[in-house]
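Using the sequences and the hints, build the whole thing.
Position one of the sequence shown corresponds to residue 6 (the working numbering), numbered consecutively onward.
Rather than coming from a laboratory, the hints here were simulated on the basis of the structure. We put the beta carbon where it would ideally sit given N, CA and C, even for glycine. One or more of the hints may lead you astray.
Stated by the list, open to error - Capping the alpha-carbon separation at 20 Å, the derived lysine to aspartate or glutamate pairs in EDC-like fashion look like this:
{"#": "1", "residue 1": "Lys-262", "residue 2": "Glu-274"}
{"#": "2", "residue 1": "Lys-371", "residue 2": "Asp-327"}
{"#": "3", "residue 1": "Lys-41", "residue 2": "Glu-31"}
{"#": "4", "residue 1": "Lys-32", "residue 2": "Glu-297"}
{"#": "5", "residue 1": "Lys-41", "residue 2": "Asp-327"}
{"#": "6", "residue 1": "Lys-34", "residue 2": "Glu-298"}
{"#": "7", "residue 1": "Lys-229", "residue 2": "Asp-327"}
{"#": "8", "residue 1": "Lys-229", "residue 2": "Asp-93"}
{"#": "9", "residue 1": "Lys-262", "residue 2": "Glu-346"}
{"#": "10", "residue 1": "Lys-229", "residue 2": "Glu-57"}
{"#": "11", "residue 1": "Lys-333", "residue 2": "Glu-230"}
As the list claims (entries may be wrong) - DEER-style ranges, computed between Cβ atoms:
{"#": "12", "residue 1": "Thr-122", "residue 2": "Leu-368", "range": "21 to 29 Å"}
{"#": "13", "residue 1": "Ser-16", "residue 2": "Arg-137", "range": "42 to 50 Å"}
{"#": "14", "residue 1": "Pro-54", "residue 2": "Ala-372", "range": "36 to 44 Å"}
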Amino acid sequence: MARVGEGLVRSDLNNYASASNLQLNEKVKELMASGKQVYHLAFGQSPFPVVESARLVLAQNADKNAYLPVAGISQLRNAICEFHREFDGFEVFPDNVIVGPGSKELIFLLLAVFNGTAYAQEHWKALLPVLRQHNAIVLSDEIYGRLNFADSHCSLVKFYPEGTILSSGLSKWASAGGWRVGYQIYPPQLRPLLDAVKRAASHTYSCAAAPVQYAAVTYFTPSKESKAYIAHERRILAAVADYSYQHLTEVGVRAVKPQGGFYMFPDFEVIRYALSNRGITTAQQMCDAIFEEVLVALMPGGPAFLRPLTELTVRMCFVNFDGSVALKASVAIGLHSPLPEGFVEEHCMLTAHGIQALKQWILNQKASVSHDL
Numbered sequence: 006m007a008r009v010g011e012g013l014v015r016s017d018l019n020n021y022a023s024a025s026n027l028q029l030n031e032k033v034k035e036l037m038a039s040g041k042q043v044y045h046l047a048f049g050q051s052p053f054p055v056v057e058s059a060r061l062v063l064a065q066n067a068d069k070n071a072y073l074p075v076a077g078i079s080q081l082r083n084a085i086c087e088f089h090r091e092f093d094g095f096e097v098f099p100d101n102v103i104v105g106p107g108s109k110e111l112i113f114l115l116l117a118v119f120n121g122t123a124y125a126q127e128h129w130k131a132l133l134p135v136l137r138q139h140n141a142i143v144l145s146d147e148i149y150g151r152l153n154f155a156d157s158h159c160s161l162v163k164f165y166p167e168g169t170i171l172s173s174g175l176s177k178w179a180s181a182g183g184w185r186v187g188y189q190i191y192p193p194q195l196r197p198l199l200d201a202v203k204r205a206a207s208h209t210y211s212c213a214a215a216p217v218q219y220a221a222v223t224y225f226t227p228s229k230e231s232k233a234y235i236a237h238e239r240r241i242l243a244a245v246a247d248y249s250y251q252h253l254t255e256v257g258v259r260a261v262k263p264q265g266g267f268y269m270f271p272d273f274e275v276i277r278y279a280l281s282n283r284g285i286t287t288a289q290q291m292c293d294a295i296f297e298e299v300l301v302a303l304m305p306g307g308p309a310f311l312r313p314l315t316e317l318t319v320r321m322c323f324v325n326f327d328g329s330v331a332l333k334a335s336v337a338i339g340l341h342s343p344l345p346e347g348f349v350e351e352h353c354m355l356t357a358h359g360i361q362a363l364k365q366w367i368l369n370q371k372a373s374v375s376h377d378l
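Spelled out as structure tokens, the structure:
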């Protein structure tokens, strides 16, 4: 006789693991709760606080408990349109916008690039003939757009408006990942697809959380407060990225200098021989050793990022610092003055200490080879 629950889960899902970054994040939090000092460079969560005005609006709308329109409230969709007109310079209309509980709910699978690079106008222009020849539909994930360090984010919508679906949300530039608000903007030519997404949404999540939608209007309404907040975020992140890049490349690590966002994708090929002497041949093994020996958490590259198994690359997040402290210090300095030398070590200490611990670990691996010789 079959037991209750037997055969409930398909065989192909029995070994379906949780997202590796979330698994590692939980492990790191457990160690930190036990009193260990862990340098968490593996999780790309914004370190900055929620904008105060948005937090107050969220509290004021905590009583909103009704189901809202599937596509999102009109105030929010209008604000999103105004936001992109202000920052990206193109016209969009609220009827072409859909809001959901995070952009992943709108399109479930999207490959992200974590090396901190950004497309420029010449890149998009070079792609245009191919896109138009094949009538391609492009899902453009621009959730890091506002965090382009040079404030030069270039949306594909400006060059290929008829076939681009813009996807974004509040989790990165707005530091509101836990609010779970994402959205997509569809061109008029893809209205049948948008209508199909709305129908699917009505059968799945129904609507994004009501109080959060009302609070999100504050974020998307351009103001001096929101513009200053973004400017301070950008320059702090740029300083931390430069610090991380400089200290790792000083010891031979190869990396592309980040142009925005939270990530680097460094290559530790420089210590391959030293690691091979220890029986370490993959990024996963290397990350395990780093975590065990110096408590620096990194996400291994390899197949998870469509890289070879034996490539010694890692996805490194340089946002392991107290964003409230860094933001307060940046505001005190003022946007009219550059951040001083030593800002990262003084106000973004956890990331700085993590980079220094990683740097010393690399030097130790090099020294082990020298001793063998």
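A quick look at each hint next to the structure:
About 17 Å separates the Cα atoms of Lys-262 and Glu-274, which keeps this hinted pair within 20 Å; it holds. For the suggested pair Lys-371 and Asp-327, the alpha carbons sit about 32 Å apart, so the restraint of at most 20 Å is broken. Under the criterion of a C-alpha separation no larger than 20 Å, the hint pairing Lys-41 with Glu-31 is consistent with the structure, at around 14 Å. This hinted pair checks out: Lys-32 and Glu-297 have alpha carbons roughly 12 Å apart, not beyond 20 Å.
With a C-alpha separation of about 17 Å, the suggested pair Lys-41 and Asp-327 falls inside the 20 Å cut-off, and the hint holds. Among the hinted pairs, Lys-34 with Glu-298 is consistent with the structure: their alpha-carbon atoms are about 17 Å apart, no more than 20 Å. As the CA atoms of Lys-229 and Asp-327 are separated by approximately 23 Å, the hinted pair breaks the 20 Å bound. For the given pair, Lys-229 sits about 17 Å from Asp-93 by alpha-carbon distance, which is consistent with the 20 Å threshold.
Using a Cα cut-off of 20 Å, the hinted pair Lys-262 and Glu-346 holds, with the two alpha carbons roughly 19 Å apart. Of the supplied pair hints, the one linking Lys-229 and Glu-57 holds, its CA atoms being roughly 13 Å apart against a limit of 20 Å. Restraint check for Lys-333 and Glu-230: the C-alpha separation of about 14 Å stays at or below 20 Å, so the hint holds. Judged by the Cβ atoms, the range 21 to 29 Å given for Thr-122 and Leu-368 holds: they are separated by roughly 28 Å.
Judged by the Cβ atoms, the range 42 to 50 Å given for Ser-16 and Arg-137 holds: they are separated by roughly 44 Å. For Pro-54 and Ala-372, the Cβ-Cβ distance of about 41 Å falls inside the hinted range of 36 to 44 Å, so the restraint holds.
Hints 2 and 7 from the list above are not met by this structure, while the remaining hints are.
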